[in-house]
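Residue numbers (my numbering), protein chains in the order written: chain L, 1 to 224; chain G, 225 to 599.
Some clues are possibly wrong.
[Unchecked claim] Think about it this way: if two alpha-carbon atoms lie no more than 25 Å apart in a straight line, the pair counts; the simulated SDA-like pairs of lysine to any residue are:
(1) G/K350 to G/S553
(2) L/K84 to G/S594
(3) G/K231 to L/R121
(4) L/K205 to L/R217
(5) L/K84 to L/P70
(6) L/K61 to G/D521
(7) L/K191 to L/A180
(8) G/K231 to L/A137
(9) L/K85 to G/D521
(10) G/K377 to G/L324
(11) G/K237 to L/A180
(12) G/K274 to G/V549
(13) G/K237 to L/S145
[Unchecked claim] Which stretches of chain G does chain L cover? Using the computed rule of at least three CB atoms under 8 Å from a CB of chain L, they are:
(14) 227-233
(15) 511-517
(16) 570-582
If you are wondering where the hints come from, they were derived from the structure by calculation, not from laboratory data. Being a predicted model, the structure only gives us computed values, none of them experimental. Even glycine gets a Cβ: it sits at the ideal position worked out from N, Cα and C.
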Amino acid sequence: MTILKGDSIFKSFQDGKIETQVLHGVSLDLARGEVVILEGPSGSGKTTLLQILGCIMSPTKGTIEINGRPVAASRSRELASIRKKNLGFVFQQFNLFPALTVLENVEYALNIKGIDGKEARRQAQGLVDAVELTNRANYLPRDLSGGQKQRVAIARAMAGKPPVILADEPTANLDTQVGAQILALFNDLAKRENRGLLIVTHDPKVRTIADRVIQIRDGFIHAA
Amino acid sequence: MVDLGFKTLIHDKTRFTITVAGVAFAVTLVLAQVGLFFGLLDNSTISIRKSSADLWITSHNTANVDFPQQFSETYVERVRSVPGVARADNLILTYMSVSLPSGATENTVVYALKDFKTWNLPWSIKEGQVEDLRRGRFFMLDEGAANRFGSFKTGDFREVQETRLRIVGQTREAQSFTTNPISFMDYDLAQSMQSDYLNGRTSYVLVKLAPGADVESVRHEIQRRLPYNDVFTRDEWAKKSHDYWVVSTGLGMNSYLTVFLGCLVGVVVVAQTLYTSTMEHIKEFGTVKAIGGSNSDIYLILARQASIAAAAGFTIGLLFALGLVPLASKVHLKLIMPGPFIAMVAIGTLIMCLSASLLSFRKVANIDPSLVFRT
Ligand SMILES: Nc1ncnc2c1ncn2[C@@H]1O[C@H](COP(=O)(O)OP(=O)(O)O)[C@@H](O)[C@H]1O
Ligand SMILES: [Mg+2]
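Please model the complete structure; the sequences and the hints are all you need to start from.
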């Protein structure tokens with residue numbers, strides 16, 4: 001069942017008088033329980049596409065559907081509300097809250113998504129257990145290794161059970177072995193919980209866990 | 225809810241300290257400055273409030289207790305015969321020059337009465353007997369005079385209006401808004417020392433009402449018999465003296481200006497540190513937005529930080545100001561901070577910090593969550 005669908009997406013950036021066309025009519029879909037890898041060299045438009053699919057920015061042209069519903073909104077407040085209900089993000093640079101512990105980082109995301117109090121604490125604990133950080137739950141991010149940080153980020157992206165998880169270069173700041181562990185964890189969680197997972201990367205090793213690989217070059221999709 | 229605002233604020237201890245110190249500084253500035261002003265204002269009416277006189281008779285249009293004009297001392301007889309008057313006495317208030325051992329000359333405000341005890345003047349005595357004032361060329365000086373006159377002891381002599389007078393006692397809390405030290409001496413002695421000016425003349429008539437007498441009818445009758453004088457109740461006369469300094473001299477305005485400047489310092493410090501801190505954490509605010517947080521989630525964080533800075537800064541500022549009270553009293557300055565005034569400063573501090581946070585909010589409300597994807 002398709003959970004996320006982008007159709008003929010165009011995106012250009014206006015920088016003064018110069019207009020840069022970054023995406024040239026890209027189409028892509030993702031089903032529940034499916035792991036899709038979007039591969040392409042640096043500067044090919046991967047992050048831009050991920051942000052459009054993730055309702056962070058709007059396309060210049062083209063449509064997005066989440067759960068069968070078109071994303072018509074362009075106001076930032078409505079986009080935020082769509083992200084809150086449907087999407088989880090994992091960033092290349094982790095972007096954890098440095099003043100919060102592992103457990104609190106996950107719990108705060110649950111709070112934002114409308115889950116509060118004891119229930120938030122319980123779910124956060126469950127997610128921290130699922131990424132095998134039970135004995136690091138009260139650590140601050142600065143006391144964690146890169147791999148551990150990315151595990152927290154994954155737990156946070158899972159918070160609130162969003163049907164779609166989008167990850168931008170999740171292994172780029174990790175060494176190979178740790179990266180492989182993270183990918184295994186990702187795959188495991190996506191399958192077990194039936195989430196759609198789109199991983200954007202320029203690292204060819206990531207394809208090992210893919211159900212499907214899509215290539216992007218200069219803003220055009222090439223089937224792999 | 226995880227308290228992201230609070231935890232982020234105290235995560236950077238140096239900045240947190242600077243923010244709180246800035247607020248505390250502004251709070252102490254306002255409390256101490258206005259408290260000192262209230263203390264001075266208290267001086268402007270203290271003799272009126274402490275004396276047991278129910279009515280004060282002044283010459284027409286006297287502006288405040290420290291600026292008397294003299295009138296005939298025989299008027300007191302007309303007052304004494306008014307039904308409902310239990311007692312009426314003349315009070316001279318005059319300025320006399322005092323030659324100091326250093327060679328300098330200063331002025332003292334002299335309260336001269338025949339019977340001090342009856343009128344509860346002076347109201348607080350540190351050393352000596354007020355009855356002794358009638359027994360010779362004596363006077364009592366307030367301990368606060370040490371600031372202006374240099375240190376002195378009971379038993380010392382001072383040259384007052386070219387007359388050697390012995391200090392036979394010391395009083396407490398007898399200070400004038402004019403900052404001239406107050407002294408007390410016998411009525412006849414004061415008249416003889418400034419005879420060309422005070423002979424047969426008084427500054428005020430103090431009136432005590434008989435039990436059960438109606439204030440308004442007594443006042444009316446006195447006014448009828450003394451058409452060229454004013455008659456005030458204790459409260460009216462205190463208010464007139466107080467308002468003279470606040471309104472007529474512009475000192476009230478000056479005090480408002482201090483409060484305004486104090487608030488300005490506070491707002492600038494808080495706005496500045498909060499804004500810098502917000503800019504440093506901009507990626508975290510972007511993350512809050514990316515995971516679906518709304519602008520109200522963001523404002524909650526900033527408002528929380530501002531309120532914590534306000535609460536901590538106010539508490540420390542208040543403690544500081546309270547710590548200044550005993551220090552000020554050592555140099556005979558009064559710092560008066562009434563409860564409602566403290567409450568107003570507390571509310572003002574919160575409003576000040578919340579408005580400072582609006583600057584940060586305007587910035588964060590407009591950030592694009594896509595910044596969290598940039599490397
Ligand atoms: N906000 C922007 N304004 C202007 N150009 C941008 C912006 N974001 C991305 N680009 C340009 O779009 C192209 C694709 O960027 P990006 O999607 O980040 O590629 P990738 O993630 O594949 O490395 C790059 O040439 C980049 O400079
Ligand atoms: Mg990228």
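Task: Cβ contact check, 8 Å cutoff: the region 570-582 of chain G against chain L, three residues minimum - done: violated (count 0)
Open item on the list: Can you confirm whether the C-alpha distance between L/K191 and L/A180 stays at or below 25 Å?
Closed with: holds, 17 Å
Open item on the list: When I compare C-beta atoms, does the region 227-233 of chain G have three or more residues closer than 8 Å to chain L?
Closed with: With 3 residues closer than 8 Å to chain L, the region 227-233 of chain G meets the three-residue bar; holds.
Open item on the list: Hinted pair, alpha-carbon criterion (25 Å max): G/K231, L/R121. Please report holds or violated.
Closed with: Within the cut-off at roughly 17 Å; holds.
- [ ] Would you check the hint for G/K274 and G/V549, treating anything up to 25 Å between C-alpha atoms as holding?
- [x] It holds: about 22 Å lies between the C-alpha atoms, which stays within 25 Å.
TODO: Quickly compare the C-alpha distance for G/K350 and G/S553 to 25 Å and report which way the hint goes.
DONE: Cα-Cα ~15 Å, so holds.
Open item on the list: Need the status of pair G/K377, G/L324: alpha-carbon distance at most 25 Å?
Closed with: Given pair G/K377, G/L324 holds - Cα atoms ~13 Å apart, limit 25 Å.
TODO: Measure nothing beyond the straight line between the CA atoms of L/K84 and L/P70; if it is 25 Å or shorter, mark the hint as holding.
DONE: Holds, because 16 Å separates the two Cα atoms, which is no more than 25 Å.
Open item on the list: Holds or violated: L/K61 and G/D521, Cα atoms, limit 25 Å.
Closed with: violated, 31 Å
TODO: For the pair we were handed, G/K237 and L/A180, check the Cα-Cα distance against 25 Å.
DONE: Violated - the C-alpha atoms of L/A180 and G/K237 are around 38 Å apart, more than 25 Å.
Open item on the list: For a C-alpha distance cap of 25 Å, please report whether G/K237 and L/S145 respect it.
Closed with: holds, 24 Å
Task: Distance restraint between L/K85 and G/D521, which requires alpha-carbon spacing of 25 Å or less - done: holds, 16 Å
In summary, the numbered hints that this structure violates are 6, 11 and 16.
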